[in-house]
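Enquirer: For the record, the sequence lines run as chains A and B. My numbering puts the first sequence at residues 1 to 343. My numbering puts the second sequence at residues 1001 to 1219.
Honestly, I wouldn't trust all of these hints.
Said to hold, decoys possible - For lysine-lysine, the following DSSO-like pairs were computed, each having C-alpha atoms within a straight-line distance of at most 27 Å:
#1 A:K65 x B:K1006
#2 A:K123 x B:K1133
#3 B:K1115 x A:K128
#4 B:K1115 x A:K65
#5 A:K25 x B:K1215
#6 A:K123 x B:K1138
#7 B:K1215 x A:K110
#8 B:K1133 x A:K169
#9 A:K169 x B:K1138
#10 A:K84 x A:K110
#11 A:K299 x A:K317
#12 A:K142 x A:K84
#13 B:K1133 x A:K23
#14 B:K1045 x B:K1138
#15 B:K1049 x A:K142
#16 A:K288 x A:K330
#17 A:K193 x A:K8
It is worth saying that the hints were derived from the structure and are not from the lab.
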Amino acid sequence: MKQQTAQKPIIQIKGLHKNYRLKDKEAIALENINLDIYSGEIFGIIGMSGAGKSTLVRCINFLEKPTAGTVIFDDRDLSTLSEKELCSARQSMGMIFQQFNLLMQRNALKNICFPMEIAGVPKADAQKRAKELLALVGLSDKATAYPAQLSGGQKQRIAIARALATNPKVLLCDEATSALDPTTTRSILSLLKDINQRLGITIIIITHEMSVIEEICQRVAIIADHEIAEVGKVEDIFTKPQAAATKKLVYPESKKTQSFERGQYLRIVFDGSTSFEPIIANMIIDLKESVNIIFADTKNIDGRAFGQTVIQMPDDKRAVARIVAYLRNKNLTVEEVCGNDIQ
Amino acid sequence: MIFSEKMMQLLGMGIVESLYMTLVSAAVAYILGLPLGLILVATDKDGIKPMPRFNSILGIMVNILRSIPFLILAIFISPLTKAIAGKSYGSTAMIVPLVVSAFPYIARLVESSIKEVDRGVIEAAQSMGASTKQIIMKVLLPEAVPSLLVGATIATTTILGYSAMAGFIGGGGLGAICINYGYSRYEDDVMTVTVILLVIVMQLLQEIGMRIANKSNKR
Ligand SMILES: Nc1ncnc2c1ncn2[C@@H]1O[C@H](COP(=O)(O)OP(=O)(O)O)[C@@H](O)[C@H]1O
Ligand SMILES: [Mg+2]
């Protein structure tokens, strides 16, 4: 079940450019970025290292002032705000980081109190809320532990609790799971998903890993060479990647050259309209035709199948027709391809 | 070697005076050096309030003061010492040149301690909407405490060394005893004992300072 998102952008990035002035030249970090991020959604921004992701996320809360263009957050144009107004706007945008960035000389509870101290929340109220947040992230027993005594996953949980302390509308996550092992990554992502659903907080996930996007995002923007290459629903991007940069991220396997024998091939595209079940195997049983699977890259997202499979067809023309009819009957997109453009 | 009662008293007073000069000078020098160090960090081109021009002028001034050897500086500023302390000799008067020569050094120590604070933690505070003042008071200083305490230990032991030198120009304490008895009157045993006492005081200050610094560190 896809969660229904309210169709009102909470963040609008408009014509945003960012250059860094180096000694002798201007270095472009971001070029003409336009994005609408809707209230309540989990939006992914993916790209290779150096693409400009961190710069973009730092522009969203104006830690970095754009060279041109602006960001509208919650109906306020950030470029028109004074430094003081910006500080208060930032209290509505929590942020978490790859390296957690906790205060090493404060214990977990006091780390969570920190943004509330900045916002001027009375101490007793702050402590009470910090304890609630510790419970939310499942670390009530670690209140007096210092960051040095916590594991990476625990540190990130404290950082999430800290980011939520001032009741932000948006949570910005810059490579929040990139320093964590796969199991911990999954638990942090499910915590974020839970927070999004329970508290309705809009989440922006910056990552270089497709698996992170696949796990929790509803929409995704692909950023390549300082520009947005493609934006769309995660399932569309997975099944019909348009931009070259996207294809590279979606099918990293296809970078390897595969040599196929001559013959007739069929590409079956899983676009999420079918459930994740062994369709090819069922077909072989039902039709009693044997096929050879040449290439398969399918993923299970929310129980639906995404991706593509390429099979080699039997020589018999009528058998081919039956296979195509069978698959079309299952609402799958199939196309015949010859050896060279399988990828 | 057995000293007369009078000599024992003298040595006791020497320790007290040395500690008095050292600790009071260190405290006053920190009152000047700590904010100066913070200003040096904050106004750095990569700092939280970049002011590169002002920063380099301030840096040059600090370096000029630091490059004058203590004894020369003390003699050079003796009119200032007299104006502030009323006289230019004795333990209390020596606090003036000790402070003047120590605070630029302390500013640099503070600067390097504060620069050790992780850039990411500062960014996190900025992302929460912290003002420059809040970043200094709630992030930079508290996060640097262990390193600042190590710096304070180094500064205090350095000042103790200067204070001993001040014996040459009319300062009090162990340095003065060493010079007045050991150097001028060739009383070698007094000289030896004062040197040993200086070493012990130095070791104690060092040990106490490092213990407090380590204890404060939660990393
Ligand atoms: N402060 C800076 N000064 C100069 N160049 C920078 C600065 N920050 C980032 N860049 C450059 O901008 C580009 C994008 O960097 P970044 O946003 O960190 O990429 P990503 O997070 O996608 O890896 C890189 O080429 C990087 O070298
Ligand atoms: Mg980055």
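Enquirer: Determine for every hint whether it applies to the structure shown.
Expert: A quick look at each hint next to the structure:
1. A:K65 x B:K1006: violated, 72 Å
2. A:K123 x B:K1133: With Cα atoms ~19 Å apart, K123 of chain A and K1133 of chain B stay inside 27 Å; holds.
3. B:K1115 x A:K128: violated, 33 Å
4. B:K1115 x A:K65: Status holds; Cα separation ~24 Å.
5. A:K25 x B:K1215: violated, 48 Å
6. A:K123 x B:K1138: holds, 15 Å
7. B:K1215 x A:K110: holds, 19 Å
8. B:K1133 x A:K169: This hinted pair holds, its Cα atoms lying about 26 Å apart.
9. A:K169 x B:K1138: Answer holds: K169 of chain A to K1138 of chain B is near 25 Å, not above 27 Å.
10. A:K84 x A:K110: holds, 24 Å
11. A:K299 x A:K317: Roughly 30 Å between the alpha carbons, so the hint for K299 of chain A and K317 of chain A is violated.
12. A:K142 x A:K84: violated, 34 Å
13. B:K1133 x A:K23: violated, 30 Å
14. B:K1045 x B:K1138: Satisfied, since the Cα-Cα distance of roughly 21 Å is no more than 27 Å.
15. B:K1049 x A:K142: Violated, because 35 Å separates the two Cα atoms, which is more than 27 Å.
16. A:K288 x A:K330: Holds, at roughly 17 Å.
17. A:K193 x A:K8: Satisfied, since the Cα-Cα distance of roughly 20 Å is no more than 27 Å.
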